[in-house]
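Enquirer: Spelled out from the first residue to the last, the chains are:
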Amino acid sequence: MIPFEYLRAGDPAEAVAAVAERPGAVFLGGGTNLVDHMKLGVAEPDMLVDVSRLPLDRVEETATGLRVGAAVRNSDLAAHPLVRERCPMLARALLSGASGQLRNAATTAGNLLQRTRCPYFQDVTTPCNKREPGSGCSAIGGYTRYHAILGASEQCVAVHPSDMAVAMVALDAVVIVLGPGGERALPLADLYRLPGDTPQRDTVLEHGELVTAVELPDLPFARRSAYRKVRDRTSYSFALVSVAAALDLDGGTVRDVRLALGGVAHKPWRAVLAEEELRGKPATEDAFRRAADAELAAARPLPGNEFKVPMARNTIVATLRDLTEEGR
Amino acid sequence: MDARITLRVDGRDRSLTVDTRTTLLDALRDHLSVTSPKKGCDHGQCGACTVLLDGRRVVSCLTFAVAHDGADVTTAEGLAEGGEPHPVQRAFLEQDGFQCGFCTPGQICSAVGMLEEVKAGHPSHVTDDLTGPVTLDDEEIRERLSGNLCRCGAYVNIVAALREEADS
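Respectively, the protein sequence lines represent chains A and B. Be aware that the first sequence starts at 1, since it is given in our numbering, and climbs by one per residue. Be aware that the second sequence starts at 1, since it is given in our numbering, and climbs by one per residue.
With the rest of the complex left out, here is chain A (with noise of 0.2 Å):
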């Protein structure tokens, strides 16, 4: 690990200023995908930055939902009481994700913004176009169990491993940016890049960038809504592939819904085609099938994750058929 210079910002602005003026600075968070990265030599700073102890720990109600605040701990998060009763997916999303001790130290902010990453990108002894861009992609051709089935590249077949982020993305969430030039807010949705032919940049923020909040728009369906994850094992365990699902019934048709997908590309995937497909039909098994098809026909297997294709079919038509009879 190459030595670096701490400092603990005292508001978002100082913090903003310090990472935009210097090229090898970085934020710090809870750290706990960061300083692995840096142990691992993937990450290489020669500054932190620490935004963690910033006045951003709070979940607030707005007139239009909830404003998490960027410092906000994953278990606090998961456990507060306005998240549970009106978006169970983000709490279930959360708890799903690594281990207690892990969601006691991982912000909001740092969860969305952790790495999209595989096997090889950790490894710096093999060639990786998003660690080093032009130097090869070694997962394609090699163990890919864990990689992309959608939005994939020639140069990067890694998938963002975040859950909390899925059923943010499903939950039309805001993220607030403060830049050198001022605040800004934009869609999570927009937030990720698919990698295309620069694998190296997993969102658009620009250098300097902090995100300081994330809105969640009140969603009164949401209320009704679940996340379901396959992994390799029952807990502590990356998705395969992960659903959150918001289901709207009015009595046996499908009068609204909201559909991400984790696990399965380089980004949190809205589930837009299946949602389009859905609205207006009956909630049957069969018109979750033709909806999870409708998105699935763009998938892209690897050869040895061909398996995702049918595993996100099944778990997209599993969690709509839970949440319809959930509301029987």
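No wet-lab data here; the hints were simulated from the structure. Among the hints, erroneous ones may be present.
To be verified - Per the computed footprint, the stretches of chain B lying under chain A, defined by three or more beta-carbons under 8 Å from a beta-carbon of chain A, are:
| no. | stretch |
| --- | --- |
| 1 | 16-24 |
| 2 | 36-46 |
To be verified - If the Cβ cut is set under 7 Å, some of the chain B residues that face chain A in the computed set are:
| no. | residue |
| --- | --- |
| 3 | 1 |
| 4 | 50 |
| 5 | 56 |
| 6 | 58 |
| 7 | 59 |
| 8 | 62 |
| 9 | 67 |
| 10 | 122 |
| 11 | 124 |
| 12 | 125 |
| 13 | 130 |
| 14 | 131 |
| 15 | 143 |
| 16 | 144 |
| 17 | 146 |
| 18 | 147 |
To be verified - Derived SDA-like pairs: lysine to any residue, alpha-carbon spacing no greater than 20 Å straight-line:
| no. | chain 1 | residue 1 | chain 2 | residue 2 |
| --- | --- | --- | --- | --- |
| 19 | B | 119 | B | 55 |
| 20 | B | 119 | B | 137 |
| 21 | B | 39 | A | 36 |
| 22 | A | 39 | B | 2 |
| 23 | A | 39 | B | 43 |
| 24 | A | 39 | B | 29 |
| 25 | B | 39 | A | 37 |
| 26 | A | 281 | A | 251 |
| 27 | A | 39 | B | 42 |
| 28 | B | 119 | B | 160 |
| 29 | B | 119 | B | 56 |
The beta-carbon is built from N, C-alpha and C at its ideal position, and this holds for glycine as well.
Chain A is already provided as a structure; the job is to place chain B on it using the hints.
Expert: Using the frame of chain A, we list chain B on its own:
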């Protein structure tokens, strides 16, 4: 680059100078000779280095000491009071909740933190009703302690120790 920090470790104020690259785990073990937190994987996956940081369980290997100037750290060594083992430590002894013992200090700190989370009403991944009360059954104990590995496989007795503690 060096930094001067103060930590309250197991009830004692300790001042030390650390390279900014020093993890909290290495500061405890190598600078302060507090060796109950163990270095297993050193990547946050095994839980052997778990301590209570300002009362909450965290892995001390994935955080830099410099980021915790002024913090209160409790390790398994600091849980005993008046020469008596902590009730969780006693339960591990009574139920034989270990074999080699390497993971035990981390298991115990994690368990103490976990019991506080349960007391605060926090649900887990396996809790049926997100807004209802939590019953700490075996499934809940296993889920909530999944961040602590025991390569001897003493899980059955670890669960028994915590069930005993939960029932008391």
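Enquirer: Each of the hints needs a verdict: does it hold here or not?
Expert: Results for each hint:
no., hint, result
1, 16-24, "holds (count 4)"
2, 36-46, "holds (count 3)"
3, 1, "5 Å, holds"
4, 50, "6 Å, holds"
5, 56, "5 Å, holds"
6, 58, "5 Å, holds"
7, 59, "5 Å, holds"
8, 62, "5 Å, holds"
9, 67, "5 Å, holds"
10, 122, "4 Å, holds"
11, 124, "6 Å, holds"
12, 125, "4 Å, holds"
13, 130, "4 Å, holds"
14, 131, "5 Å, holds"
15, 143, "5 Å, holds"
16, 144, "6 Å, holds"
17, 146, "4 Å, holds"
18, 147, "3 Å, holds"
19, B:119 <-> B:55, "13 Å, holds"
20, B:119 <-> B:137, "14 Å, holds"
21, B:39 <-> A:36, "14 Å, holds"
22, A:39 <-> B:2, "18 Å, holds"
23, A:39 <-> B:43, "8 Å, holds"
24, A:39 <-> B:29, "18 Å, holds"
25, B:39 <-> A:37, "17 Å, holds"
26, A:281 <-> A:251, "11 Å, holds"
27, A:39 <-> B:42, "9 Å, holds"
28, B:119 <-> B:160, "19 Å, holds"
29, B:119 <-> B:56, "13 Å, holds"
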